[in-house]
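Here the protein sequences come in this chain order: A, B and C. To get the numbering used here, take the position in the first sequence, counting from 1, and add 673. To get the numbering used here, take the position in the second sequence, counting from 1, and add 22. To get the numbering used here, take the position in the third sequence, counting from 1, and add 163.
Quick caveat, the hints were computed from the structure, so don't treat them as lab data. Heads up, a few of these hints could be off.
Claimed, not checked - Far from chain B, some chain A residues (derived; all Cβ distances over 10 angstroms):
id, residue
1, A706
2, L756
3, L807
4, G818
5, G819
6, G821
7, D832
8, R857
9, D871
10, L876
11, P881
12, Y910
13, G935
What the hints assert, rightly or not - Derived, one-sided and incomplete: chain A residues facing chain B with beta-carbon distance under 10 angstroms:
id, residue
14, V683
15, A692
16, D704
17, L815
18, S823
19, F834
20, D835
21, T836
22, H883
23, T884
24, Y885
25, Y915
26, D918
We put the CB at the ideal spot given by N, CA and C, even for glycine.
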Amino acid sequence: MSSPARVRAVKLGALLIVAVVALLVPVFETDPATVNVAVFTAMYVGLATAWNIMGGYTGYVSLGHAAFFGFGAYAFGLVLAHLGIQAGYEPFLFVPIAGALTVVLALLIGWIALRTRAATFVIVTIAMMFMIQLLAENLVGLTGGGSGLSFPVPPWSGDFFDTPFYYAMLLMAAISLAISWWIRRSKFGLGLLAIRDDEDKALAVGVPAHTYKLTAFVISAGLVGMIGAIYGYYVTYIYPQYAIDPLVGISLVLMVFLGGLGTLWGPVLGAVILEPA
Amino acid sequence: MRKPVSLAVTGIVSLGALSLAACGSSSPSSSGSPQAGTPITIGVSVSLTGDFSGDGKALVQGYDLWAQDENAKGGLLGHHVTMKYVDDASSTTQVVTNYQNLITQDKVALVFGPFSSLLTIPASTVTDRFGYAFPEPAGGGPSVFNRGIHSLFFVQPAPVEDNLVSFTQWVLSLPAAQRPATAAYSTEDDPFTQPQVDKARALLEAGGVRTVSYKVYPAETTDFTPLAQQVISANADVVILGTQEPDAVAFIKAFQQQHYNPKALVETAGPDQGSDFATKVGTANTEGVMVPAGWWSSAKTPFNATFVSEFIAKYGGTPGDIPSDAPEAYSVGEVVDQAAQKAHSIANSALIAALHSGTFQTVQGPMAFDSLGRPNGASFLVQWQNGLTVPVYPPSAAVAQPEYPKPAFSG
Amino acid sequence: MTLILEAVVFGILTGGVYALMASGLTLIFGVMRIINVGHGALVILGAYLSFALLRSANIDPFVSLVITMPAMFLIGVVLQVIFIRPLKDDREALSVLVTYAIALGIEGLLGYLFTNNFVQLNAWYETASFAVFGFHIAYVYLFGFGLCLAVLGAIFVLLYRTTFGSAVRATMLNRTAAQLVGVNVDRVSAIAFGIGVSTAAAGGVIFGMTNAFNPGSHYDLISRLLTIIVLGGLGSLRGAVIAAVAMLIIEDVTAVVISPVWASFAFFLLLVIVLVVRPQGLYGIRVRERI
């Protein structure tokens, strides 16, 4: 067997083992308190991987991704309430709608924020996050404002409650990883890396920098929004300051930097090491 | 509204626990009652850091004092009580994890509530999911009760929303010639303050008091001068403020700056903080300021005198220093003790059933709960007079006449 | 109408305080190309230092600046040498993480020493006031504004009338070129950071007299300060001053005309509008270097 093929086989084997272990966590570990930790670990793996698609590949550091996380949660809660969806498994089917709404928001924010670069971009994302937080607080008629927003509470017993959420979070983490992997291998991903290395040169050689950046930003935000939606359903009650929490945004960045910026597995490693709640 | 770094550490530690505890853990049985005479642990998530840490620490004092008294008389139905506190850093995510851990890992026999509606709401879905009774001292906003949870009990005399009801009753009881014609409202956008102010406004408007100004301001506001300015320019007869402590003090200072003196001034919280409040605004400026209260140190409720003297013996200070969180927490224990005696059991299902019927005696006075855990009583109107807070309305509880109009600030 | 006039006057007076705090932040950015997310926490630290001196030795908050400003200058220099100087690559992103850690450290320390209860700096001029245009202004706003003008004036003189100032401005324009012509960039950076932090102390005193604060107050503060310096154009002192006053006026007027809950939103909205028209901010230059 040639050496690259062996490396490939080892990699695939390792991936398979990780996947099987991840899938079996709730089977062998029935204590809800530990499954609870696993839910948050899977959540941060997904979030960090999604953030990395923008922050890692293009070098545009967004500190405002908590806005998309919270927006996804709010959008999901409102969709469930307006469609009158009963608690249980059914709401999970509506998570992509929350993702789609987040994509719309990200297009708008990205269009404005991506007019700036470097430090200005970092600060603008922070400002955008606070604007979304203020909207969640002030649009009382829609979001409940300072009284928070309640989700339907699934009728599952305490011992089982965390398990469906764990698999939902795991699925989102897997989807984020798959997209991240695909982007890294594509021409699009190559363009993003070129932007990170030198945006002006990238433009000069014909990379449609603005479209590429905006696309990466929107993909990243949409994934974060869907994860936020599941989070909202999991905690059953969201409130502006906790759903749109600057600390969540900072944690993601920290995880990615720790694990390895712009790599496929770095964010996963960082999230597993730092999983903060 | 701030979160801790310590979460990261907790995460790493718990992750280690995950790999260690990987083999067979049994799930807790919340319905079974512990054997007679065995010691039990009661779990509470409290805010020892973060925005609510001041109130969180006062809750611990109240709970600890109750556990001490309970053990001195032989324990809760014969079970020696140990309190276990875990810090939630005033975070809604952490409070959920905490109650889950208390129930499934520490296997506590009972759980008591944390501070504020914000943390009580997410916590109550967890405790309910595991079938635990959730008596709680500090989550009384309307959003706590509209989730249809039957295992939650708000251990204060009245739902928060009704706190200003006795104030409005007093205003409307004044003879027509003296009765104020106009009112100005300003409230923090908070589930504790705004429902009270909105209800007071509705009641006063129905009673013919015209609203000349109504403003809601964000909870993060720290410079209150512009807000006070708007209240002042409305020049109303009575001023009703939905405040917590920092804004309660700041408004009074701003009124002083601007030489503004309404005929009556009531604040939802702040003036109930005893000597702390008096120091901050100056004792002379407290005269005539009103606040709703469910408890005060000289109240003639069962066991209150003993509670006050024990509290001072244990923690020092004067009766005026006791934060109202402490008797509220103490009442939680009292209510649970009486429910356990009635049910002859400390099993959670038995306690939930017992708490839904009958009346319970507490240092805050008697209370009973409806099917959603709402207390059925009313709170009282308290006024600062000669450097002390005294109940002034309703007359059945009053020890002094309301001072009206309020004397001018000393300037 | 009086209310709006009053809002404008208060906007200018409080805008001065934000101008002072933001000028330190933008100076630090200009010289070092780092985003000091810990600036808000340093302002609060300054306020608490004065609070401690007031409580323990009954020193007037303004007088206490004689002690706290030099102390904060030293703290700034030490922080720069230990935490900022080692940053080489990815300065902008890494500096955010490092200075955020500094902010959390300060917040934790203050919480431990002073608890999380809100406090305020007290002095006689805080409640005493004088009448003008039909409303009252507390002396504290006037004194605070005076202090801001004095400190800002001192910074401008330092930057534009001294040799050290030339070195600082050279570093701001081009770090490498400044180094080539013999500017000790490391030394200039440390001193500039110290100056930025010591203006935070001055801002902290006025903030602490006009606002209730606790160790967590820096979050709201830093989000506003960052918005101000982006609006003004990163690294531009003049831009920071103008942006601060403009933002506070708009905020105070919104509070009166619409509602206090929308005041902060108007503040951020102004930033968005300016960015759509002029992405480099009011006085900024287009960033062409790689990020």
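Quick rundown of the hints versus the structure:
A706 of chain A, annotated as away from the interface, has a beta carbon of chain B within 10 angstroms; the closest lies near 5 angstroms. Listed as outside the interface, L756 of chain A is consistent with that label: its C-beta sits roughly 19 angstroms from the nearest C-beta of chain B, beyond the 10 angstroms cut-off. The Cβ of L807 of chain A sits about 8 angstroms from the closest Cβ of chain B, inside the 10 angstroms cut-off, so the non-interface label is violated. Look at G818 of chain A: its CB is around 6 angstroms from the nearest CB on chain B, not clear of 10 angstroms, so calling it non-interface is violated.
The Cβ of G819 of chain A sits about 4 angstroms from the closest Cβ of chain B, inside the 10 angstroms cut-off, so the non-interface label is violated. A beta-carbon of chain B comes within 10 angstroms of the beta-carbon of G821 of chain A; the shortest separation is about 6 angstroms. Listed as outside the interface, D832 of chain A is inconsistent with that label: its C-beta sits roughly 5 angstroms from the nearest C-beta of chain B, within the 10 angstroms cut-off. Distance check on R857 of chain A: its Cβ is at least 27 angstroms (rounded) from any Cβ of chain B, clearing the 10 angstroms threshold; non-interface status holds.
Every Cβ of chain B is farther than 10 angstroms from the Cβ of D871 of chain A; the closest lies at roughly 35 angstroms, confirming the non-interface assignment. L876 of chain A, annotated as away from the interface, keeps every beta carbon of chain B farther than 10 angstroms; the closest lies near 39 angstroms. Under the 10 angstroms C-beta cut-off, the non-interface status given to P881 of chain A relative to chain B holds; the minimum distance is some 39 angstroms. For Y910 of chain A, the condition that its CB be more than 10 angstroms from all CB atoms of chain B is violated, with the nearest at approximately 5 angstroms.
With a least beta-carbon separation of about 23 angstroms from chain B, G935 of chain A lies farther than 10 angstroms from that chain, consistent with its non-interface assignment. For V683 of chain A, the suggested interface contact is broken, since its CB lies about 23 angstroms from the closest CB of chain B, more than 10 angstroms. Taking 10 angstroms as the C-beta contact cut-off toward chain B, the hint placing A692 of chain A at the interface is violated, the least distance being around 17 angstroms. Hint on D704 of chain A holds. Least Cβ distance to chain B is approximately 4 angstroms, under the 10 angstroms limit.
Nearest Cβ of chain B to the Cβ of L815 of chain A: about 14 angstroms, over the 10 angstroms cut. The hint is violated. Here the hint on S823 of chain A is kept, as its CB sits about 6 angstroms from the closest CB of chain B, short of 10 angstroms. Nearest Cβ of chain B to the Cβ of F834 of chain A: about 6 angstroms, under the 10 angstroms cut. The hint holds. With a least beta-carbon distance of about 8 angstroms to chain B, the hint placing D835 of chain A at the interface is held under the 10 angstroms criterion.
For T836 of chain A, the interface hint is violated, the least distance from its beta-carbon to any beta-carbon of chain B being 13 angstroms, above 10 angstroms. Hint on H883 of chain A is violated. Least Cβ distance to chain B is approximately 35 angstroms, over the 10 angstroms limit. With a least beta-carbon distance of about 36 angstroms to chain B, the hint placing T884 of chain A at the interface is violated under the 10 angstroms criterion. Hint status for Y885 of chain A relative to chain B: violated, with the closest Cβ pair at about 33 angstroms, above 10 angstroms.
Given the 10 angstroms rule on beta carbons, the hint for Y915 of chain A holds: about 5 angstroms separates it from the nearest Cβ of chain B. Nearest Cβ of chain B to the Cβ of D918 of chain A: about 6 angstroms, under the 10 angstroms cut. The hint holds.
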